[in-house]
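Enquirer: Residues per chain are reported as follows:
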Amino acid sequence: MVVVVMGIAWLAGIWLASGLAQPVIVWLLVGGAGLAASALFWKRARIRLTLLGLAAIGFGGARYGTAVPLINNSHIAYYNDGPAVTLTGLVVDEPDVRDRFVNLRVEMESIAPEDGPAQPVHGTALVRAFRYPEIAYGMRLEMNGRLETPPEWEDFSYKEYLARQNIYSLINTPRISIMAENEGNPLYRAIYAFKARAQTTINRLIPDPQAALLSGILLGSDTGIAPNLADDFRNTGMTHIIAISGFNIAILIAILVQVSEPFLSRRGAVGFAIVGITLYTLLVGADASVVRAAIMGGIYLVANRLLGRPNFAYASLFLAGFVMTLVNPFTLWDVGFQLSFTATLGLMLYADPFTRWTRRRLLRYLNRKTVRSVMGLISESILITLAAQVLTLPLMAAYFGQLSLISLPANALILPAQPGVMLWGGLATLTGMAVPAIGQIFGWIAWLFLSYSIGLVRLFAAVPGAAVPIAVSPTGIMIIYAAIGAVTWLAKQEPEQRERVTAVLRQNFSQRAALGLSLLAATLAIGWNVTQPDGNLHIVFIDVGQGDATFIQTPSGRQILVDGGYYPSVLNDALGRRIPFWDKEIDLMVATHPDADHISGLVGVFGRYRVGQLITDGQGLGESPIYDAVLLAAEEAGTPIRRALAGETIFIEDGVRLEVLHPGAELFPDERNENSVSMRLVYGDFTYLFTGDAEAHAEEAMLARRVPLDALVFKAGHHGSKGSSGAPFLAAIRPQIITISVGADNNFGHPSPEMLQRAQDVGAVVLRTDELGTIEVVTDGRTMWWQAGP
Amino acid sequence: MTDYFQSSSAHWKHQTRRLANIILDFVFPPVCAHCKKPGALICSDCLAAIPWLTEPICSHCGRVVSRPMLRCAACQKNPLFPLERVRAATIFANPIPDLIHQLKYNGLFALAEPLAGLMVEAWSNWKIPVDLVVAVPLHPDREKKRGYNQSDLLVTHFCKKLNLEKGVRALQRIRNTPPQVGLNASNRQLNVANAFQADPNQVAGKDVVLVDDVCTTGSTLKAGAEALLAAGAGRVSGYCLARAL
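Heads up: the protein sequence lines correspond to chains A and B, in order. Take 1 as the starting number for the first sequence in the numbering used here and just add one per residue. Take 1 as the starting number for the second sequence in the numbering used here and just add one per residue.
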C-alpha cells in the first residue's frame with residue numbers, strides 16, 4: 001500500500017509545484033524532512049506512512065521545479081519571434097505525417113543569423129514542413145526560417161501543450177535542405193523502417209478507411225483517418241479503440257509468452273516478452289497510454305512470472321505513473337495519460353463490484369444458469385465499459401465539451417470485435433510482409449472486423465442526439481471527482497484488490513471460432529456479391545473539399561481515377577468504400593495538371609492499388625514537389641506514364657471510350673491550368689466531359705479543333721472560376737447537368753456568380769459538392785440518374 | 001579469523017537479502033493470494049482460517065477419523081505399506097486448495113515460503129523420525145514447463161527453518177506419468193508404479209521424510225517410499241502440506 005500512497009503524493013507534489021512557484025530547494029527540504037522524520041517513526045506504521053507521503057510530495061515538487069529549462073542564448077527559444085535565421089539540426093522523432101503537412105521534431109545544433117557566423121545551440125523545435133520532399137527520422141537538415149513562440153488560443157494553449165514535450169519553438173514551412181541522412185539511433189531507424197514496411201503492407205492488403213483504422217490500432221498512426229470518420233468516433237465515444245492501450249499490450253504479452261515458452265526458460269520468456277513490448281512501444285510512438293500499459297505489463301511479468309507473486313494492480317498503476325512523471329513531470333497534463341490512467345483505475349475499482357452487484361440483482365429474478373449466460377454476455381462489454389467510464393467521463397466532458405450518450409451501447413457492440421481486429425490485422429501485417437498472398441487472406445478477415453467496427457460507429461454517430469454538448473468548469477470537475485471519491489470510499493469499507501484488468505484482457509477466442517468462421521464465410525460472400533459491378537457506368541464526384549477527384553467505374557468493373565484532391569485520407573476513404581475490398585486494380589489514373597489540389601491524394605494510391613496507367617498533361621519533373629512525388633511513385637510502382645494528346649481515343653472493353661480533347665502537341669508555356677488534360681467519355685447515348693482547371697485559352701483551343709464536345713454531364717472547369725466555362729464553350733457542350741467540385745467557403749470565391757449565370761443561361765442543372773457532398777451519376781447508356789451522399 | 005569472515009559474509013548476505021526484500025515489497029507489494037487483501041502473501045484473516053490437521057486421525061495414513069484408531073477402514077483395505085506413516089500440516093479445505101492451486105498452476109511460487117511455514121508450525125505435533133527430507137520430484141519435462149517443483153520449494157524453506165538436511169536429487173522421476181488428478185486409487189497406484197529411483201549415496205541407512213504438496217490416496221508417496229527403501233533407506237514417512245480426505 002505504501003507505494004500507492006506515495007504515488008498519489010508524488011503526483012500531488014508535481015501538481016502543487018505547478019501552482020505554487022517555490023524554489024527547488026524548498027521542495028527538497030520538505031522531501032528530506034519527511035524522509036528523515038519517517039525514519040524516526042519507523043515503528044508507527046500510520047505516522048510513517050503519512051510522513052513518507054509528505055516526502056513524496058516534496059520530491060514530486062522538486063522534480064517539477066527541475067524540469068523547466070533555463071532559456072539563455074544557447075537555447076533556441078531565446079531567438080523566438082526574431083528575424084529569420086539559418087538552423088541546422090537532426091530529426092529526432094518519426095515525422096508526424098498529416099494530409100497537407102508533416103510535423104518534424106528537430107533537435108537543433110547550430111544557429112546563424114542572416115549573414116552572421118554560426119554558433120552552437122540546443123533545444124528541440126517543432127518544424128512544420130511540406131509533405132514533399134519526404135523527410136525521415138535521422139536526417140540532418142538545414143533550415144531557413146523564423147523561430148516562433150507557439151500560439152495560445154482562447155480555449156487551447158498550443159504553447160503549453162508543446163512545452164509539456166519540452167518544445168518551446170515552432171518553425172513554419174522553412175526552406176529546407178537535406179544535408180545528411182541515416183543518422184540518429186540505428187535502433188530507432190530500424191524500428192521506423194519496420195513500421196514503414198508494415199504500413200505499406202497494410203495499405204496494400206486492406207482498403208481505406210479500414211486500413212487507416214487498422215494502422216491506428218496496430219501501429220499507433222491514426223493520421224490516415226478521414227476527418228468525418230474521426231468525428232464519428234469522437235461523437236460515439238469510441239476514440240479509445242483507435243489508440244493503442246492496455247488492451248493491445250495485454251494481448252501482445254500473452255502472445256509473446258505463449259510463443260517463447262516452449263523454447264525458453266521461465267526467466268527467458270519474461271525477458272523475451274519485456275524486450276518485445278519495449279520494441280513495440282517504441283514502434284507505435286510511445287504515447288502516454290502505451291507507455292503506461294507497457295510499464296504495467298512489465299511489472300506484471302516480473303512480479304508474477306519472475307518472483308512468483310500475485311500482481312497488485314494498484315501498485316503497478318501508480319508505479320507506472322511515478323516512472324512516467326519522473327522522466328517527464330509534464331506527462332501529468334497529457335490528456336492521453338489522464339484518460340488512460342483514470343480508465344485503468346476505474347477498471348480496478350469498479351469492475352468487480354459492478355459485476356457482483358449485477359449478479360446478485362439478477363439472481364433474484366432468474367435461475368443460476370440463466371444468470372451465468374446473461375452475465376457472460378453483458379459483463380465484459382457493458383459492465384467493464386461502465387467501470388472504465390466512471391472516472392473518465394468527467395474528463396472527457398471537460399476536454400471535448402460533449403458527452404456521448406450513445407457510447408455505452410456503441411462500446412458494448414464494438415469492443416468485442418477488437419481482439420479480432422488485432423489478431424487478424426496483426427497476422428495479416430506480419431505474414432503480408434513476407435508472403436503477400438497469405439497476408440491477403442488474413443487481411444480480408446481483418447477487413448471484416450474493421451468494417452463491422454466502422455459501420456457501427458457510423459450508424460451510432462447518425463443517431464440524433466448521440467452526443468450532447470456540455471460545459472464543465474475545472475471546479476466542477478473537482479467537485480464531481482470528490483463526489484465519486486466519497487461514494488467509492490463509502491462503498492468500500494474493506495478495500496479489495498483484483499486482477500480484473502488482466503483477466504478482462506485475456507479473451508477466449510476459441511469458443512467463438514466455429515461460429516465466427518461460418519459467419520465470416522457468409523459475410524465475405526455477401527460482401528463480394530454486393531460489390532460486384534452492376535452493369536452500369538458510375539461517375540463519382542468525390543467531395544474532397546477545395547479540389548478535384550472523380551472516380552469512374554465502368555459497367556464491367558474497370559476503374560478510372562481522375563485527380564485525387566488535396567487530402568489523401570479523404571480520397572483513400574472514398575476509394576475504399578467504392579472499390580470492392582478484394583479488388584486492388586485501378587486501370588487508369590489521370591492527373592489533369594500538376595496543382596496540389598488535384599494530385600496530392602494520388603501519391604498514396606500507388607501504395608494501395610496497382611495502377612495500370614498514368615496519364616498526365618506531359619509535364620516533366622521539377623514542376624512542383626508534389627507532382628514529382630506522383631511521377632516517382634508511379635515509376636516505383638512500375639506504372640507506365642503517358643502524355644495525353646488531343647485526337648487520341650482510349651477504348652475500354654465494355655463499350656466505354658475516352659476521347660482526349662486537350663492538350664495538343666504544343667503546351668501553353670507557364671500556364672499550368674490551360675494545359676489540363678480534358679476528355680470526353682462516351683457510353684451509349686451518355687456523354688461526359690471534364691476539363692481539369694482549363695480556362696479560356698484551353699476552351700478556345702478545344703473549340704478550334706472542331707471535334708464533338710456535346711456532353712450530358714459536364715464537370716465545370718477550374719471549380720467554376722470566373723474565367724472558365726465560357727458561353728461559347730457551354731453552347732458547344734449543351735450540358736443537362738453541370739457538376740462543380742468545390743470546397744465550402746473557399747478562399748478563391750469559387751464558383752463565381754458569372755459562371756453560375758452562364759450555366760443557368762444554357763439551361764443546365766448545377767450540382768455542387770460543397771452543397772451536396774459526394775455526387776454520383778449512374779447510367780446504363782440510355783437513361784441516367786444521380787444521387788448524393790457521403 | 002576464517003570463522004569471523006564466514007560469519008560476517010553470511011551476515012551481510014542476510015542483510016542484503018533483507019534489504020532486497022524490503023525493496024521488492026515496496027515495488028511489488030504482496031497481496032493475499034487467496035482473498036487479494038494487500039499486506040502479505042497469506043493475509044492474517046486467511047491464516048486464521050487455516051484448517052489444521054488435528055487428532056483424532058488414523059495413526060497410519062493420517063486421515064481424519066471420528067475416534068482414535070490404529071488403522072482406519074481405508075488403510076485396512078489398502079495399506080500404505082511400506083510407508084511408516086503419513087502426516088500433514090492441514091486438511092485440504094478452504095483456503096488451502098486455492099493456495100495450492102495458485103502455487104502450482106498460477107505461477108505464484110513465492111507462496112512456497114509461507115506454505116512451508118505452515119508445515120513448520122505443525123511439524124512438532126507429529127514426532128516423525130527424520131534424518132533427511134526429500135521432495136517428491138516432478139519429471140524434468142514438467143518441471144521445465146512449470147519452471148519449478150512446488151514440493152522441492154516447500155522442502156527448501158522447510159529445511160531451512162528447521163535446520164534439517166535436504167536431499168538434493170535424492171529421488172528422481174524416471175518415467176513421465178500423467179497427473180494423478182482425476183484418477184481413482186487403483187489407477188493412481190498403477191500410474192506411478194516404478195516411476196521413481198533413489199540415490200543410495202544419500203539415503204542409505206537414513207530415516208527419510210518424503211514431502212509432497214497434497215496427499216490424496218498416498219499412491220505417489222508409496223511409490224517414492226518403495227524406491228527409497230530399495231536404495232537402502234531406513235524408515236520412510238510422508239509429510240504433506242495438506243491431507244485430502
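Keep in mind that the hints were calculated from the coordinates and are not lab data. In this text, all values refer to a predicted model and were calculated from it rather than measured experimentally. Honestly, I wouldn't trust all of these hints.
Pairs of lysine to aspartate or glutamate residues, derived as DMTMM-like cross-links and limited to a Cα-Cα distance of at most 25 Å, are as follows [unchecked claim]:
no.: 1; chain 1: B; residue 1: 36; chain 2: A; residue 2: 352
no.: 2; chain 1: A; residue 1: 584; chain 2: A; residue 2: 653
no.: 3; chain 1: A; residue 1: 722; chain 2: A; residue 2: 670
no.: 4; chain 1: B; residue 1: 104; chain 2: A; residue 2: 653
no.: 5; chain 1: B; residue 1: 144; chain 2: B; residue 2: 84
no.: 6; chain 1: A; residue 1: 722; chain 2: A; residue 2: 653
no.: 7; chain 1: B; residue 1: 127; chain 2: B; residue 2: 165
no.: 8; chain 1: B; residue 1: 145; chain 2: A; residue 2: 96
no.: 9; chain 1: B; residue 1: 145; chain 2: B; residue 2: 207
no.: 10; chain 1: B; residue 1: 127; chain 2: B; residue 2: 113
no.: 11; chain 1: B; residue 1: 37; chain 2: B; residue 2: 207
no.: 12; chain 1: B; residue 1: 145; chain 2: B; residue 2: 98
no.: 13; chain 1: B; residue 1: 104; chain 2: B; residue 2: 55
no.: 14; chain 1: B; residue 1: 37; chain 2: A; residue 2: 534
no.: 15; chain 1: A; residue 1: 43; chain 2: B; residue 2: 143
no.: 16; chain 1: B; residue 1: 13; chain 2: B; residue 2: 45
no.: 17; chain 1: A; residue 1: 369; chain 2: B; residue 2: 98
no.: 18; chain 1: B; residue 1: 144; chain 2: A; residue 2: 261
no.: 19; chain 1: B; residue 1: 160; chain 2: B; residue 2: 199
no.: 20; chain 1: B; residue 1: 161; chain 2: B; residue 2: 207
no.: 21; chain 1: A; residue 1: 43; chain 2: B; residue 2: 25
no.: 22; chain 1: A; residue 1: 159; chain 2: A; residue 2: 96
Enquirer: Which of the stated hints cannot be reconciled with the structure, identified by number in ascending sequence?
Expert: 4, 5, 6, 8, 9, 11, 13, 14, 15 and 16
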